[in-house]
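S.K.: Listed below are the residues making up each chain.
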Amino acid sequence: MSLLQDVKNWVRARSIHVSYVDVGSCNGCDIEILACLAPRYDIEQYGIYVHNNPREADILLVVGAMTPPWVERLPALWAKIPPPRAAIAIGNCPISGCVFNRRETYILGPVSKYIPIAAEVPGCPPRPTEILSAVLSVAPTVFRDYEVKRP
Amino acid sequence: MKKVVDVSIPLGPVHPCWKEPARIKCETRGEKVLSAEVELGYMKKGIERIMKGRPWQEVLFLAERVCGICSVIHNMVFIEGMEAISGITVPDRAAYLRVVVNELDRIQSHLLANFSFCYTIEHETLAMYLLNTRERAMDSLERITGARVNKAYMIPGGVRFDLRDADRAALCADLDHMEEAVNRYARMFEGGPLIATRAKGVGILTREQARIARAVGPTARASGIAEDLRLAHPTYRRLQFAPIVRTEGDNFARIMVRFQEIFQSIMLVRQCLHDLPAGPIRGGGTCGAGETVSRGEAPRGELSYFIRSDEYGRITDIAIRTPSIMNIDACTHYMLPGVTSLADVTSVFVSADPCIACNER
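Respectively, the protein sequence lines represent chains A and B.
The working numbering puts the first residue of the first sequence at 729, with every later residue one more than the last.
The working numbering puts the first residue of the second sequence at 766, with every later residue one more than the last.
The shape of chain A in the complex, shown without the other chains (with noise of 0.2 Å):
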């Protein structure tokens, strides 16, 4: 392992910028990512900076229950974002539709159907802590030695 790649692993572990995307969420998630700004749970000590631009993201956090509008979106908004990225789906409704998924539903899921996710947090919704601990969990195993590992 070169020095250089050393480094990129250091300071990827302690930058992580996290754009979050609503696909159809009832903001019960939502208010608990932005919770996670809240001194309390300080999201900034840990290196991680919420702002909502896919462009300069490392972590998409995916909310909600994939609505059709978001069929298209979703994959073109992934695509924005500069490798090395990850997606983690926040709460039931990504990963399985929650409540949503019944008969007469509009919803297209689950999310990973039309992206890659690297990790799921589940609950409804889940804690501030628990969203954190996600991020900081995922991003330096998922970023790690990412050179070497790309083919």
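Derived by calculation from the structure, the hints in this document are not laboratory data.
Check before you lean on any hint, since a few could be wrong.
Derived pair list, reagent style DSSO-like, types lysine-lysine, alpha-carbon separation capped at 30 Å [said to hold, decoys possible]:
(1) K797(B) <-> K965(B)
(2) K790(B) <-> K808(A)
(3) K790(B) <-> K965(B)
(4) K841(A) <-> K809(B)
(5) K736(A) <-> K877(A)
(6) K809(B) <-> K790(B)
(7) K817(B) <-> K841(A)
(8) K808(A) <-> K841(A)
(9) K809(B) <-> K808(A)
Fit chain B to the supplied structure of chain A, relying on the hints for placement.
M.R.: Frame of chain A, contents of chain B only:
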């Protein structure tokens, strides 16, 4: 005559300032917004279609998932509708506990709305203060109901959990802390000269326009319309309650109305805790057939449920009208045109506190 438009600027659906996807198209001349148009449909899950034909026990959980921010009022309005249909009475203690939880939910919703506004105008310090204070309200809710967001606290005939003495003491401490903190932040907001330039006189909705656009909730009350459905609620009538009204109709007024309503909610919770009678928290009853329209004051305004059920308590027809649709209309048709800078479009939109998830269901 052909309208002269420089450029049509779309904002969204993924936008750094907005929690939820919506698209606003602004027609501008220079920096001045001539007209705006909102494009919705990114969140439509068809909850009302899923609800039809299901027993009330399932619809109860679907109803609060219409909106995660104001889940308590959706729960409350639906359950009050079912009670009206079936003739179920609620014990006094449960009725007061419902008001306690509903007002705590209003406090956290208003704090979140004011956080969003401060965050949008890039006053991050005040925004973070407000978000941290909100966590105290969430703690109180979690202690009473057992969950942070989707609580399912109310059921036909009462509530699920009683208020224990330890929780009551903690709730009083939280209320004192929140009152002191929000008082300080409201004064910061009121006196901030830079906030005033972004908030005062921006996005004006006059009383007449608010009436035409059927604005509801804090948006209407900031434009001088003294309407609050809590005035019609039997439990609130027993408490001293008068709606808070301001007349300016700009961003500043809408945020200040929410700040004042937080104080009012704190007073209402205190009053409920003072008057809280002893007794059971659950009565009996069976949900039956009937048809009703149930209404309540959500943090964003008037919320109404039309419910029709059959003799087994199954929901055969349901229609929900949420407050945000009127406020979004008022925002795009009356507040946004005439805004002098594109930078103010996001803050004006956020000041109306739109909840897209409620809106599209």
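S.K.: Decide, hint by hint, whether the structure agrees.
M.R.: For each hint, the structure was consulted:
1. K797(B) <-> K965(B): This hinted pair holds, its Cα atoms lying about 17 Å apart.
2. K790(B) <-> K808(A): holds (22 Å)
3. K790(B) <-> K965(B): Holds. K790(B) to K965(B) sits at ~24 Å (cutoff 30 Å).
4. K841(A) <-> K809(B): holds (19 Å)
5. K736(A) <-> K877(A): holds (13 Å)
6. K809(B) <-> K790(B): holds (20 Å)
7. K817(B) <-> K841(A): At roughly 28 Å apart (the allowed maximum being 30 Å), K841(A) and K817(B) satisfy the hint.
8. K808(A) <-> K841(A): Roughly 18 Å between the alpha carbons, so the hint for K808(A) and K841(A) holds.
9. K809(B) <-> K808(A): holds (24 Å)
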